[in-house]
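Given the structure of chain L, go ahead and fit chains C and D onto it with the hints provided.
Protein chains in written order, with our numbering: chain L, 5 to 791; chain C, 127 to 287; chain D, 7 to 289.
No incorrect hints appear here.
Heads up, incomplete: computed chain C residues facing chain D, CB under 7 Å, no partners named:
1) Met-127
2) Ala-146
3) Arg-147
4) Val-165
5) Asp-168
6) Thr-169
7) Ser-170
8) Val-176
9) Val-182
10) Ser-183
11) Val-184
12) Lys-185
13) Thr-188
14) Val-192
15) Glu-259
16) Gly-260
Non-contacting residues of chain C with respect to chain L, defined by C-beta distances greater than 10 Å in every case (computed):
17) Ser-130
18) Gly-137
19) Val-140
20) Ser-141
21) Asp-180
22) Gly-181
23) Gly-196
24) Ser-197
25) Gln-280
26) Ala-281
27) Lys-283
28) Gly-286
Just so you know, the hints here were simulated from the structure itself, not pulled from any lab data. Built from N, CA and C at the ideal position, the CB exists for glycine as well.
Next come the chains, spelled out residue by residue.
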Amino acid sequence: MGNVKIGERVQRKEDRRFLTGSGRYVDDLQLARVTYAYFLRSPHAHAKIRKIDTSKAAASVGVVQIFTGKDVAEAKVGGLICGWVVKDKHGNPHKAPAHPAMAADTVRHVGDTVAMVIAATADQARDAAEKIEVDYEVLPAQINLAGALDPKAPQVHADAPGNLCYDWELGDKAAVDAAFAKAAHVTKLDLVNNRLVPNAMEPRAAAAEYDRGTGNYTLYTTSQNPHVARLVLSAFVLGIPEHKLRVIAPDVGGGFGSKIFIYPEETMLTWAAGKIGRSIKWTAERSESFMTDAHGRDHVTHAELALDAKGKILAFKVDTIANLGAYLSTFATAVPTYLYATLLAGQYTTPVIYCNVRAAFTHTTPVDAYRGAGRPEATYVVESIVSKAAREMKIDSAELRRRNYIAKDAFPYQTPVALTYDSGNYAPILDQAMKLADYAGIDARKAAAKAKGKLRGIGVCSYIEACGIAPSAVVGSLGAGVGLWESAQLKFNPTGNLQILTGSHSHGQGHETTFAQIVSDKLGIPLDQIEVVHGDTDKVPFGMGTYGSRSLPVGGSAIMKAADKIIAKGKKVAAHLMEAAEADIVFENGTFKVTGTDKAVPLGQAVFAAYVPHNYPADLEPGMDENAFYDPSNFTYPSGTQICEVEVDPDTGVVDIVNFVAVDDFGNIVNPMVVEGQVHGGIVQGVGQALLENAAYDEKTGQLISGSYMDYTMPRADDVPSFKLGYEVTPCPHNPLGVKGCGEAGAIAAPAAVMNAVRDALAAVGAQDRIEMPATPQRVWAAINAH
Amino acid sequence: MTMSVAMTVNGKAVSGNVEARTLLVQFLREHLGMTGTHVGCDTSQCGACVVHVDGVSVKACTMLAVQAEGSKVTTIEGLAASPEKLHPMQEAFRENHGLQCGFCTPGMVMSAIDLVKRHNYAVTEEIVRHGLEGNLCRCTGYHNIVKSILAGAQAMKAAGV
Amino acid sequence: MKAPDFAYARPTVLSEVFDLLDGDGDVRLLAGGQSLVPSLNMRLSAPSLLVDINRLPGLSGIEARDGVVRIGALTRHGEIARSALIAERLPLLAMAAPHIAHAAIRNRGTFGGSIALADPAAEWPACCLALGATMVVASRAGERRVAAGDFFTGLFATALRRGEVLVAIEIASPPAGSVAHFSELARRRGDYAIVGLAAQVARAEDGAMDPRLAFFGVGDRPVLAEATRRVIAGGGGIADAQATLGRDLAPTGDAECAGATKLHLARVLLGRAMAALRTRGDA
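Chain L on its own, in the form it takes in the complex:
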């Protein structure tokens, strides 16, 4: 492949290996003298471990070693940490109960790890695990979020009284109350944001090796951020110095947030590999993934919106209870606070906003960031209540939105909930979406549907997100334990080809192509002369990884910065070679030229000269290898409008999506093909949340009822239509690519778009306020028939 430009639909470099079965995922690794781990898990939501008898299991065929929580505690292995300190409304840090890598005396959710069996084969490890006898004293469990903060509820942690992790607020309550007192109209809404299981198709997996000779550890793991994993395991959990632990995240089969976090399994594998001096491998079975991958969402919210008589929003107040599960996952505290309440202004000029969030522990799987992380929850609240207000005030819902949009000349725009939006232009997006959706024709389609006994509805959702996460100083001031810059290294080889080393990690996003594409454009190098290297802490500079739609805005910007350094150094080399002044050198299409002359030195020649510096500037270091770290000055603010149209069968409650439109502003677009793919995938995850998916627990036993692909109904190809997409472009003003990030938009907006459509359909029979996600046929039918 030759040179490519930003904006081209460049086909992906990584596809050939994936399409021929040559990808290398963690479970594909073949390690010498490998053993296999199986984790015995708690069948109870809450119990005391009275005794564990491993004697029969230890004698089972193939067993190498068995570890229990007691062994881990005696070895003083540190607990897993939460890396974001949220201060409550009184300024106190959140409650941070211990999260041992393996439970020693108490289990707190079904699936909590109780013992680790290491054997010669995976089957033998499981055979042996079945012979471990655990004497549990089963205790009462708090499964539902509703009631979790009740003083009489069973307690998850002794050091978190009332199951309260924090009671947090954002915004000016007094100003909001004052605005409500003057409102012409107040809309009230109660919502449940259903718990979801991320369900990357590749189950979590890990393999750990220990080299006795050097004392070095290697952990292969399904991670979105191998350096963060190394940092946490080194500094907080295992005490292995960072330079003695190598973390490799090879091909990773999807993440959606769930592979950001540091889990007990890879922790135990790394520790145990050192103990037994052999490599150990573990791959989750899907049922384990359901029980132990951090879940997403799970909010209960009451919201009120104050408007004047013309539909102008005056104030907004939101009261949310968020479920954190049994333990704090790595970034759990930030999701329902700084990634949620800060987005409650949406695309609107709402002058005052107040949000109160109480986060609760329950005896369920930990909850953390899942695609969108806080922003889908915020969007669902904002966009549901705006549509409800429109219905109540008999104003068209698109029109009500338009009346409240932040004007295009109002940027940078300071919202009342901390963020400063950098750019945007919302009205043309709505116009384009309405056109693509034939919004004007909906009444005729509703009438046609009615004639055949069906209910049609149309739903609009205008979303905003803060991504490109994000300025280190800002997140630090909000409690983040890390900086959120990104690193890049552009390493030329003497023969002129180039390796891009990035701290971002691709697990489906196509970085190997798009990162190469921006460099091909910037430096004029053919695509096949560029290799993107990621996911190995021994190869790439310390990096923060991929989440929050940050890879291109932050990681891509670091690459651009490193490319600028390459050009700057190349200019010095070229000036020397052409015996010209450095100030007279320009760089165009991969060539250094002396302005006003026909003298030229291709970049490749400058690179060669830098590595074979026989004729070279005396004061310049040899080599062409530049590092850059990029710390953004603000979040990025992608925005857009989705319009969904549904047809409901009132006899069966079946909801059919008949049309779906998404128009987005992602700033500049590097590879439209890849961006479309991100939008499609995000939309379907959002549709899944709205219509199909629900992590439902048995409220007595704490068993996950929807704990397999039979029961947890993920969208399949025939549950969704093809999509109509459109774009508006307002470039991000503060990063070198002008990009905003596109990974989460679909999932952020779709739940509200679908549910607003369902509610619009159900409004014909007065059932619009009786439906929650997922709007399954049974729920829809029940809503219609609840008289």
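Quick look at chains C and D alone, frame taken from chain L:
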């Protein structure tokens, strides 16, 4: 219980000693080192493990290795004529961005080929969407997979495969 | 994906199967394995011996003989879906086949295996009931025939006795002018039915209908709606039939769907079936 098993995989005769409980997918991945066929679930729902056994698609997690005794098995590794010359369906997935993380992809491609052959190349969007009922993807939202298979069907017909 | 250890046998004659079934321990037949192997993978079953009957001769295939269509127990769902004979003589089965699981599963799963498993939400048992099928059961003592109505005895329970093997299903061709109807509601296509209806409807020249209506997903086994049949045969309209259905069905609810909702959905399927049959040109 250990047994010997012999079959043909991608045109090559292979054999091995396996436990009776060894699944076909485990035999492929762990005994033959052919890790292109993936395991994404334990309930026969996700389709990441689809291979062809005697010409038709089968979930390799739901068939014992010993049951494939004497069978002809084709996996994702056996489709392309060479590393450069992809099967038309593989090529269609590449051209239409029908994959992201790549994990479901081998099963998708194997199912797609079986689907297209079953319908004698005459597939529509509706047939493709229904025909993918046994394959889950969490990345693409299916839009581009459907597009890929429609294009791949044409290309297969044109190439006579 | 980590099945428990078990022994495996692959007999090539039926007498060997009977010998193995006489053995001690939990001996299970392995046909298509599309339900059994996942249950092994999740360690929900732990048989001591699996008897793989896939290589037994004569247990597979579809043939017409003596006025019946005989379907070998090992016939795969996919073969039934693609069979011209089935499409012509027993279109109900051709209509039902695409609703069974997924293509790759239909390529392995067997007709007999599904019937012997007797999942109350499965399609084939209901079709057999609607078609008045006869199950051919073999044992060391010889063959016996069991009517579909007597075969399904409860939740995953059948009239099969220890030592017996279901070898074939015989189905008489429906009378001329008879039409088939199949419909089901599931969370997603290919999922287990919430409620389903397999119907074989005899029709007189004057348009009078005599429907055998087999509902599934409504209890511990498929149910023939006999009272409803009489109402329809007596000239009752859709509303009469729907009202009567409550006498035939008493669905139990599950996590997804309450019993009363299932009865409602069964009535919806019945109404739509009757409306469709009335407008069908070929009927």
